[in-house]
Amino acid sequence: MNGSGSSFAKPDVVVGPPLWLLAELTYRCPLQCPYCSNPLDFARSHEELSTAEWIEVFRQAREMGAAQLGFSGGEPLVREDLVELIAAARELGYYTNLITSGIGLTEAKIAAFAEAGLDHIQISFQAADEDVNNLLAGSKKAFAQKLAMARAVKAHGYPMVLNFVTHRHNIDNIERIIQLCLELEADFVELATCQFYGWAELNRAGLLPSKEQLVRAERITNEWREKLAAENHPCKLIFVTPDYYEERPKGCMNGWGNLFLDITPDGTALPCHSARQLPVQFPSVREHSIEHIWKHSFGFNKYRGYDWMPEPCRSCDEKEQDFGGCRCQAFMLTGDAANADPVCSKSAHHGKILSAREQAEQGAPLEQLQYRNEKASKLILKA
Amino acid sequence: MTHEDVLPRVPVLRRGYRFQFEPAQDCHVLLYPEGMIKLNDSASEILKRFDGARTVGGIVADLQANFPGAEGIEEDILAFLEVAVERFWIELR
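Just so you know, the protein sequences line up as chains C and X, in that order.
Counting with our numbering, you get residues 3 to 385 for the letters of the first sequence.
Counting with our numbering, you get residues 382 to 474 for the letters of the second sequence.
It is possible that part of the hints are untrue.
Claimed, not checked - With a straight-line Cα cutoff of 25 angstroms, these simulated DSS-like cross-link-like pairs (lysine-lysine) come out:
#	chain 1	residue 1	chain 2	residue 2
1	C	LYS213	C	LYS156
2	C	LYS12	C	LYS213
3	C	LYS238	X	LYS419
4	C	LYS12	C	LYS297
5	C	LYS252	X	LYS419
6	C	LYS111	C	LYS142
7	X	LYS419	C	LYS297
8	C	LYS156	C	LYS252
9	C	LYS229	C	LYS252
As the list claims (entries may be wrong) - Derived coverage of chain X by chain C (criterion: at least 3 residues anywhere in the stretch with Cβ under 8 angstroms from a Cβ of chain C; other residues may be distant):
#	segment
10	383 to 392
11	429 to 443
The hints are simulated quantities; they were obtained by calculation from the structure and are not laboratory data.
Just so it is clear, the structure is predicted and the values come from calculations on it, not from any experiment.
Think of the CB as a built atom: it goes at the ideal place given N, C-alpha and C, for glycine as much as any other residue.
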C-alpha cells in the first residue's frame, strides 16, 4: 500500500474522519436471503484480503479516526481468523461489532470472541415465524439456531441488537417480531424495511410492502414504544421505512464519503456497501493507503460537495440536508448516478417510484423471489 | 429523584457502553452498539470519574474541589446524570 497518485480532492470541501469502518470480510454465506445487499455479481470476487492485510486496513483507518468497526459480509463467521481480527481491532481501540446471521455461531465462539474483546453482536432474523424465516433464509435449521445463539449472546454479557429485515411477507407479523425480541432481551431492535439494492432490487416487486402494511406496522411499533417507555424498559425500537414511500430522499450515508468507509472482501474501498454497481472507479487497499483513498481518490471525491449536481438538485434549498438522496438509487432507476434520487417528487423520474408503489398493491408470491446464491450470481454474471 | 436519593448511589456505564478519548475528534466519546455520542468537556469530566466505587456525591465533591470557581456545579452534574439515565447510557447502583 502506498500513498502516491494524483489527488481528486475538492479544495472547497472539508472532509471529516471516516468514523465508521465496515469490513465486509467475505461474500461467502450459508444463507440465500433474496434481499441481500451484496452485489449481484458477488461470485466474481474470490480474492479475499489476508489476515495481515485486514489488520493493516484497521490500523490505518483507526489512525484516520475510525472508531466503530463492523465485521460483516457475507457471513463473517466463515472467516477462520475472526478471533484474531477482533483482538487486533480491539487492541487498536475500536468499538467492535459483529454483524451475523448467527449461522455457524457456537457458545465456544461467543466465549472466544468475548475473550478477544468483541463489544457487541448483532443477529439478523428473517421473520418471527419459523417457516417464513427458514424459507427466506433458504435453510431448514436457521430459526432454531438463531434463537439459541441470541440467548447465548445475552448469557455471555454482550449488548445485543436484533435486526429484522421486514418486507411484504413478514411485516404483518411485526407485533410477534417485537415480542420475540423482548423475550430474547435485545437491547436494540432494528425493524428495517428492506432497502432496494443488490438482490432486494432484483426482487423489489416481491418485497415492497403496501402502504397499508407499512402504516399498520409503524402504528404497532409506536404503540410498543409507548408501552416500553411507560415501563422504563431499556430496549429501543428502531423503525426504518422504505424510502419508496417518501416524497423527499434520504440524506444517504450522511453524504458521499463523509463518515462511512466500506472495504469489500477483495479490498475495494467504497463510500457505501452498494456503490460497487456504479460506473465509478473505486480504489483498492491493495494499491493505496486509506489516507489516500479517503482524501484523494477519484471514487471518494466524485460526489462530495455540490458541484456535480444537475437540476433539480443544484438550485434546491434542501440539497444540504439530503445531498440529492442516494447515488445508487439514482443510477438504478435513471441510469445516471448524478441525477436526483427519484424518491424526490421534484425528480423527472419520480413516476418510477409511484409505479413501484402501485405494483406493491398487487405484490408477488414468495416462490417468485430470486434467492441469493452462487448459481444465480453466476447466471447474472453471464447475462 | 431528589438529591438525597441520588448522591449516595454509584454511577456505572450501561453494559456495552465505552467511554474513551478520540484524538481525531479531539474529544471524549461514548461508544455503544453501532453508535457514538460526542461529549463536551463537562460531561467528560463527570464520566472520567466513574470507577464503579465512587458515589455521585463523591464525584460532585471531587469536581467542586478541582473547579472551585465554577458555580452551580452540583446542579449541572445531577442534570447530566438524569439525562444519561433517561437515555440508558448509565445506571445508578
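- prompt: At a Cβ distance under 8 angstroms, does chain C reach at least three residues of the segment 429 to 443 of chain X?
  reply: violated (count 0)
query: Is LYS12(C) close enough to LYS213(C), meaning Cα to Cα at most 25 angstroms?
result: violated (41 angstroms)
Hint consistency between LYS213(C) and LYS156(C) [alpha-carbon to alpha-carbon, up to 25 angstroms]: violated (35 angstroms)
message: Check the hint pairing LYS419(X) with LYS297(C) against an upper bound of 25 angstroms on the C-alpha distance.
response: holds (23 angstroms)
query: Would the pair LYS111(C) and LYS142(C) pass a check requiring their Cα atoms to be no farther apart than 25 angstroms?
result: The given pair, whose Cα atoms are some 22 angstroms apart, holds under the 25 angstroms limit.
- request: Could you grab the alpha-carbon distance between LYS238(C) and LYS419(X) and see if it respects the 25 angstroms cut-off?
  value: holds (20 angstroms)
message: Would the hint linking LYS12(C) and LYS297(C) be met if the CA-CA limit is 25 angstroms?
response: holds (9 angstroms)
query: Straight-line Cα separation of LYS252(C) and LYS419(X) no greater than 25 angstroms?
result: holds (23 angstroms)
- request: Assess, step by step, whether the Cα of LYS156(C) is no farther than 25 angstroms from the Cα of LYS252(C), and give holds or violated.
  value: Distance ~33 angstroms between LYS156(C) and LYS252(C) Cα, so the pair is violated.
8 angstroms C-beta test of the segment 383 to 392 of chain X against chain C, three or more residues: Per the Cβ count (0), the hint is violated.
Restraint check for LYS229(C) with LYS252(C), where alpha carbons must lie at most 25 angstroms apart: The hint is violated at about 29 angstroms.
The earlier numbered hints that this structure contradicts are 1, 2, 8, 9, 10 and 11.
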